[in-house]
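Chain residues, written in single-letter form:
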Amino acid sequence: MLLYILKRLGIGIFTIWFIATATFTVMHLVPGDPLANDKAVNPTIRANLERQYGLDRPVFEQYVLYMGNMLKGDFGISFTEENRAVNDIIREHFPVSASLGVLSLFFATIGGVLWGALAALYRNRWPDAAIMLVVILGISVPSFVFAAFSQLGILTLNQWTGRSILPVAGWDSFSSALVPALVLGMSTMAYMTRLMRSSMLEVANTDYIRTARAKGLSALRIFFRHQLRNAILPVITVLGPAIAIITTGGFVVESVFAIPGLGRYFVQAVAQLDYTVIMGTTVFFGAFLVLMVIAVDILYGFIDPRIRLGAL
Amino acid sequence: MSKQSFQLSAADFAPAPPATHAERIVRPSLSYWQDAWLRLKKNRRALSSLYLVIALLLFTLLGPWFWTQDYTLQDLDMISQGPSWGSAALVVEDPGAWEGVRGDALPLPQGQELGATTQLTVEGAATTQYVRLYWNAVPGAQHYLIYRNDHAPDSGQDLGLPLGETLRPEELSFADRLQLRPQTYWYTVIASDGLTEAASGTTLAVTTERAITTTQARERGLEATVGASVQLPAHPFGTDYLGRDVLARIMEGARVSLFIGIVAPLLFIAIGIVYGGICGYFGGTLDIVLMRIADFVIALPFLLFMILFRIGFGIGPGESGIFPMLLALVLLSWPSSARLVRGQILQIRGEAYVQAARMLGARSLYLIFRHLVPNVMGPILVTLTFAIPMAIFTEAFLSFIGMGVSPPTPSWGAMSNEGIRTMLSSPHELLFPAFFISLTVLAFNLLGDGLRDALDSRLRSRE
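Protein chains in written order, with this note's numbering: chain R, 1 to 312; chain C, 1001 to 1463.
Extracted from the complex, chain R is given alone in its bound form (with noise of 0.2 Å):
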């Protein structure tokens, strides 16, 4: 086992490298530059902001600058917010869309299941084919759809009753992270609804049910005990995926809710062409999911230990 995981690391840590490169490369493709926007009129200006952010080096050495400072943990300083460093934005932003994420997640895992157990005990049966056309629902309407409608929704309803029961926008409550991060987890409930019900399925003809059902144990029992508890175990493959959709989902419900996340603040950066903040949210952002695979993972061959002999 051990040595699993540190051959997994081991593959995880290049595969953070290759991000890293990749970054890098795409970025010095970039035709404009940061300090063609705005400032950098006067030549000489232009020249000492060069020699600051050491863009007037050869590529090689920006390349080796960079992941020598990357090694280090540094992503240097923003290019247009004066004396602000990635690592600061990362540390004050980073928090707000982890714990949306974590929050949709849960939303996502703890639907997931419940419904897709559900539609399994109802099947061909009414709650069964209302589940499933949710999840549809779910699988082809983008999120910024629901995030529109959602808010649209806050609105009415606050307009309705007369109170402020939901904030519509913004980030100051536990309250105002409810209705975003049910939003940013509908779709990954969707697939996990689809992946519970069809391995409720499954396991339900298997011939340890059959033996449980014969031995005369209640119907409760075997649904919790026995069906539940190893249909999960394919639900705990895609968590790995749903962080991916999860993080990167973040960018619009973030900017549709005015949630001051990473994400949000990436997008800005994007528009505005802050080739640090762009590498270092990017490389972030990699190396953040590279390890949460990882950790799913092992996570998974800690709890089905056919996986674990599979692996080795």
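The following label-pair restraints were derived from C-beta to C-beta distances:
hint, chain 1, residue 1, chain 2, residue 2, range
1, R, L29, C, L1038, 48 to 56 Å
2, R, L71, C, K1042, 55 to 63 Å
3, C, A1270, R, G216, 56 to 64 Å
4, C, L1061, R, T21, 39 to 47 Å
5, R, S164, C, L1038, 57 to 65 Å
6, C, R1039, R, L71, 52 to 60 Å
7, R, S164, C, L1061, 43 to 51 Å
8, C, Q1157, R, S164, 18 to 26 Å
9, C, L1038, R, L133, 23 to 31 Å
10, R, L29, C, L1030, 45 to 53 Å
11, R, G216, C, V1274, 55 to 63 Å
12, C, A1270, R, I303, 32 to 40 Å
13, C, R1421, R, N158, 14 to 22 Å
14, R, T161, C, A1270, 51 to 59 Å
To be clear about the criterion: a stretch of chain R counts as covered by chain C if any three or more of its residues have a C-beta under 8 Å from a C-beta of chain C, and this derived list gives those stretches:
hint, region
15, 22-28
16, 145-159
Read the hints as simulated data drawn from the structure, not as lab findings. Quick caveat, the model's predicted, so the values are computed rather than measured. We treat Cβ as the ideally placed atom computed from N, Cα and C, and that holds for glycine.
Start from chain R and add chain C according to the hints.
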């Protein structure tokens, strides 16, 4: 026991008629694809989604032949109008032609308060171009304040929008030209002596009629005589924030969205077939190295890199940005299909019929294209069907955050982005593009489900 006569005739030695072949195949033999098609036809959900996909394609390709409005034409008189089936409009004279009504300033008699305005009247027809009001002079008034409301005012505090005020006591008229729509307005005119307003005013309900000016009629090639009734273009889906026809933009946007959504998956799956085919067929070190590269590309955070590529390629002024997005999608998406094809090929390579073909002396190329690729076409087709909604989603997502196609080019995502700003006042601008994105994604997803059920023999055997 009598001996029965047992005689045989020559006919008994004639050859028996050919027996009915018990093993004859009565029904025509079906190929894999015919079989799959039969199964798909039985799946009503998949079949209706197939029709939906065809309808969407027809709408996109043939729509502009029937709906000839220019999707770039802006009509600032028709901003954010709801859906309508065309409307008749009155041609009226240009607004500058009215000189207004003047009267004499009347002195305020001693000991009297400033009274309410009397004889508030509309000059000519009230139209969406202008509402011309005039009234009788109020003794002592220095100027008049004009208010407009969209419901009958129930108190002096509820007069609505202050439109403006006249400057001199002789001016006894006002022309309202502020964003008029065909509806009923309540105008209130209140006299003022320069310091205080009169305690009461007069309110007049005016119902406006849709109209265009002679100049506008001339510009559009319509009959430009005052008083004529002309037919304005229909906007079944309404107009957007620049007065452009939403239906025409949806059709044009469909071309962009579906083009990216269909061409990108075709391209990256073609790359995946070649790449995965090579890996799976040759195996060994080549396979390990090539698949390691593919794994790295899969590890890249997809949407972040889509955005990075968008900046990396750079979109100059006047460029639509469709091509860079296509390229970025292909560059980032090919590894997953390569992985799929490789897995399938590895599976098939060991099958008996491939070994038999090899023993008969088939060459690699022949084997790959004659035996391996046709046999993985099923899963590939399923992947393609699921890749299309994914690509449409990606395009919509990027265009929505302003990182997709550049503004003049409509795409469903870009239209949703524009629509969300006016969501409260005119939800149709968001509703229609959002509906089309959802419908398309839904249709392709359901079709993919159906195809998978029809094509995947593994699933079939389990049933």
